[in-house]
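With chain A held as given, fit chains B, C and D onto it using these hints.
Now for the letters of each chain:
Number of protein chains: 4
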Amino acid sequence: MTEPKRFIAVIGGSDCTPEEARLAEEVGHELARRGAVLVCGGLGGIMEAACKGASAENGLTIGILPGGSRQTANKYVRIPIVTNLGEARNVIVVKSAEAVIAIGGGYGTLSEIGHALRNGIPVIGLNTWSLSRDGQPDDSIVLAKNPADAVDKALKAINEPV
Amino acid sequence: MTEPKRFIAVIGGSDCTPEEARLAEEVGHELARRGAVLVCGGLGGIMEAACKGASAENGLTIGILPGGSRQTANKYVRIPIVTNLGEARNVIVVKSAEAVIAIGGGYGTLSEIGHALRNGIPVIGLNTWSLSRDGQPDDSIVLAKNPADAVDKALKAINEPV
Amino acid sequence: MTEPKRFIAVIGGSDCTPEEARLAEEVGHELARRGAVLVCGGLGGIMEAACKGASAENGLTIGILPGGSRQTANKYVRIPIVTNLGEARNVIVVKSAEAVIAIGGGYGTLSEIGHALRNGIPVIGLNTWSLSRDGQPDDSIVLAKNPADAVDKALKAINEPV
Amino acid sequence: MTEPKRFIAVIGGSDCTPEEARLAEEVGHELARRGAVLVCGGLGGIMEAACKGASAENGLTIGILPGGSRQTANKYVRIPIVTNLGEARNVIVVKSAEAVIAIGGGYGTLSEIGHALRNGIPVIGLNTWSLSRDGQPDDSIVLAKNPADAVDKALKAINEPV
Numbered sequence: 001m002t003e004p005k006r007f008i009a010v011i012g013g014s015d016c017t018p019e020e021a022r023l024a025e026e027v028g029h030e031l032a033r034r035g036a037v038l039v040c041g042g043l044g045g046i047m048e049a050a051c052k053g054a055s056a057e058n059g060l061t062i063g064i065l066p067g068g069s070r071q072t073a074n075k076y077v078r079i080p081i082v083t084n085l086g087e088a089r090n091v092i093v094v095k096s097a098e099a100v101i102a103i104g105g106g107y108g109t110l111s112e113i114g115h116a117l118r119n120g121i122p123v124i125g126l127n128t129w130s131l132s133r134d135g136q137p138d139d140s141i142v143l144a145k146n147p148a149d150a151v152d153k154a155l156k157a158i159n160e161p162v
Numbered sequence: 001m002t003e004p005k006r007f008i009a010v011i012g013g014s015d016c017t018p019e020e021a022r023l024a025e026e027v028g029h030e031l032a033r034r035g036a037v038l039v040c041g042g043l044g045g046i047m048e049a050a051c052k053g054a055s056a057e058n059g060l061t062i063g064i065l066p067g068g069s070r071q072t073a074n075k076y077v078r079i080p081i082v083t084n085l086g087e088a089r090n091v092i093v094v095k096s097a098e099a100v101i102a103i104g105g106g107y108g109t110l111s112e113i114g115h116a117l118r119n120g121i122p123v124i125g126l127n128t129w130s131l132s133r134d135g136q137p138d139d140s141i142v143l144a145k146n147p148a149d150a151v152d153k154a155l156k157a158i159n160e161p162v
Numbered sequence: 001m002t003e004p005k006r007f008i009a010v011i012g013g014s015d016c017t018p019e020e021a022r023l024a025e026e027v028g029h030e031l032a033r034r035g036a037v038l039v040c041g042g043l044g045g046i047m048e049a050a051c052k053g054a055s056a057e058n059g060l061t062i063g064i065l066p067g068g069s070r071q072t073a074n075k076y077v078r079i080p081i082v083t084n085l086g087e088a089r090n091v092i093v094v095k096s097a098e099a100v101i102a103i104g105g106g107y108g109t110l111s112e113i114g115h116a117l118r119n120g121i122p123v124i125g126l127n128t129w130s131l132s133r134d135g136q137p138d139d140s141i142v143l144a145k146n147p148a149d150a151v152d153k154a155l156k157a158i159n160e161p162v
Numbered sequence: 001m002t003e004p005k006r007f008i009a010v011i012g013g014s015d016c017t018p019e020e021a022r023l024a025e026e027v028g029h030e031l032a033r034r035g036a037v038l039v040c041g042g043l044g045g046i047m048e049a050a051c052k053g054a055s056a057e058n059g060l061t062i063g064i065l066p067g068g069s070r071q072t073a074n075k076y077v078r079i080p081i082v083t084n085l086g087e088a089r090n091v092i093v094v095k096s097a098e099a100v101i102a103i104g105g106g107y108g109t110l111s112e113i114g115h116a117l118r119n120g121i122p123v124i125g126l127n128t129w130s131l132s133r134d135g136q137p138d139d140s141i142v143l144a145k146n147p148a149d150a151v152d153k154a155l156k157a158i159n160e161p162v
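Chains as they are written, first to last, in the numbering used here: chain A, 1 to 162; chain B, 1 to 162; chain C, 1 to 162; chain D, 1 to 162.
Just chain A, same shape as in the assembly (with noise of 0.2 Å):
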């Protein structure tokens, strides 16, 4: 019996930075290389350019989708999930995962981390958002220096759990 494989989300926009895809590729690399398995929504931008990653290592890529049809998941999703739910599929993304990666991001990718923290799902972060409440700042995303790191911190999290 092999070991199980780890299930592990990338979160971030449709509309994202030059640098912002290259660091979800190679974060997508990463994660095929350790054997984890992707999940993400599907779509373009941040989500389409870990897939790529992913895949170039031939790694195994789940898209959970926000519409109706199978069709609208970037090409190299390998298993893609129709909710039609919109952006309540966040929140499957998000459980679906032992630990998430969120990478630059608008509003949604904010509303995934919330999601994750809720849950008490690990989130790493690649140039997201920084929190604070009542000026006091909140340090649950654990911040990463490059993919590598990310992906080291991600597998870290779900096997050292706090």
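Since the hints were derived computationally from the structure, they do not count as laboratory data. Check before you lean on any hint, since a few could be wrong.
Since the list gives no way to pick out one identical chain from another, each pair is judged satisfied if it fits inside one copy or across any two copies.
With a straight-line cut-off of 27 Å between C-alpha atoms, the simulated BS3-like cross-links for lysine-lysine are [to be verified]:
1. Lys156 with Lys5
2. Lys5 with Lys52
3. Lys156 with Lys75
4. Lys5 with Lys153
5. Lys5 with Lys75
6. Lys52 with Lys145
For chains B, C and D alone, kept in the frame of chain A given last:
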């Protein structure tokens, strides 16, 4: 024909401080006095305090419940909506409102702020999250000085969209 | 303290015959006359006819919308709930009611009947589906002779659960 | 480039007869032999039997879970999708498939049949519901003689849509 009702959500956690509960109750009062319908997640803490305030002024209160039973609603909810969707119901709370008032709040509230901003629904904040990206503050959450000011700003944001 | 309101769903398609619309409108009338709150999917056809009937008697009408905008509700919906969940909102329509009245209906209505029976929520039928398994009729859908009888049977099923 | 995989759902209850489980397991076998990916609700009964059959042929199995934990999946699920949506996940099971094979089944299965037919997704039936409206049988469910025939008909329905 009377003017259509305004639907305004109050978002915040089941756990809250007495001061946050006081703010929420006063927001509920103000909403009902202005004839607005209160939308919330239907549970305790901030949600119950807001419903209590609205009820005292005979306001209409809608509770969009995460669980599968109407019995889980707080006693001030007049319209329980039973979703059984867990936190995915957060999206419905937000989208069923024309503006959102966030009070205190944990990570669930953060997810709702993300969903609201993603949908262009104005967010008014009382003692809630502050956001920044790449060291740049994001000032999309409109800060309110007190409950009456929060309700003023919510109604103004609906009637005078940016 | 007044007795709590009863919540009863009327389910049926956006497309319906004039006779089915007449039945739905009369069910709406009867529900409002008895003080029950009408829950429905908020769109046209059976849903609109039922809301029209309830409105004529000043009844409260809730529309649990599949789309992402309150503008999609029919004009007799007083409480629009904006889910953006597509047909997954069918589960919410059913679970937010204490009994369900099915009128005519296509496959969406069939899915709602399945969800209701699965949850032990009584289903009263007017010109709707008949079910059988392995050649054995399933008589879980309580047949009504007319709209008033349907509302009688729905209220009776709530007050005297099997 | 290899031909894309076909995604076929097997729907049926957690409670089933030994004969229904045997049918489901054989359907799982056949799906895997033809290279199709099995989509299901991820729990026991029909779902587990189908996954067991597919696993024996090294097929890929996706379990779209109603609960909030991946631990609730049956042991033959290779890709657990954690929705926490309760029965609203039935819509996702159906929409993530190109055809649906219904085996036995209770009211949850009936809801899935309704959702599938509503979406124009072919439904193949083995010992499952029969439908009629106004005394007229509805023959939208394609009857299969046995598991191999069910898989044949599902693949045929995908490749030669009406």
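State whether the alpha carbon distance between lysine 52 and lysine 145 is at most 27 Å within one copy, between copies, both, or neither. Cα proximity of lysine 52 and lysine 145: one copy only (21 Å, versus 43 Å across).
Checking lysine 5 and lysine 75: alpha-carbon separation at most 27 Å within a copy, between copies, both or neither? both (23 Å within a copy, 13 Å between copies)
Using 27 Å as the alpha-carbon threshold, which applies to lysine 156 and lysine 75: within, between, both, or neither? between (30 Å within a copy, 25 Å between copies)
Please work out whether the CA atoms of lysine 5 and lysine 153 approach to 27 Å or closer within one copy, between two copies, in both situations, or in neither? within (16 Å within a copy, 33 Å between copies)
Same-copy or cross-copy closeness of lysine 156 to lysine 5 [CA-CA at most 27 Å]: Close inside one copy (14 Å), not across copies (33 Å); limit 27 Å.
Since the copies are identical, ignore which copy is meant and state whether lysine 5 and lysine 52 lie within 27 Å (CA to CA) inside a copy, between copies, both or neither. both (19 Å within a copy, 19 Å between copies)
Of the numbered hints listed earlier, not one is contradicted by the structure.
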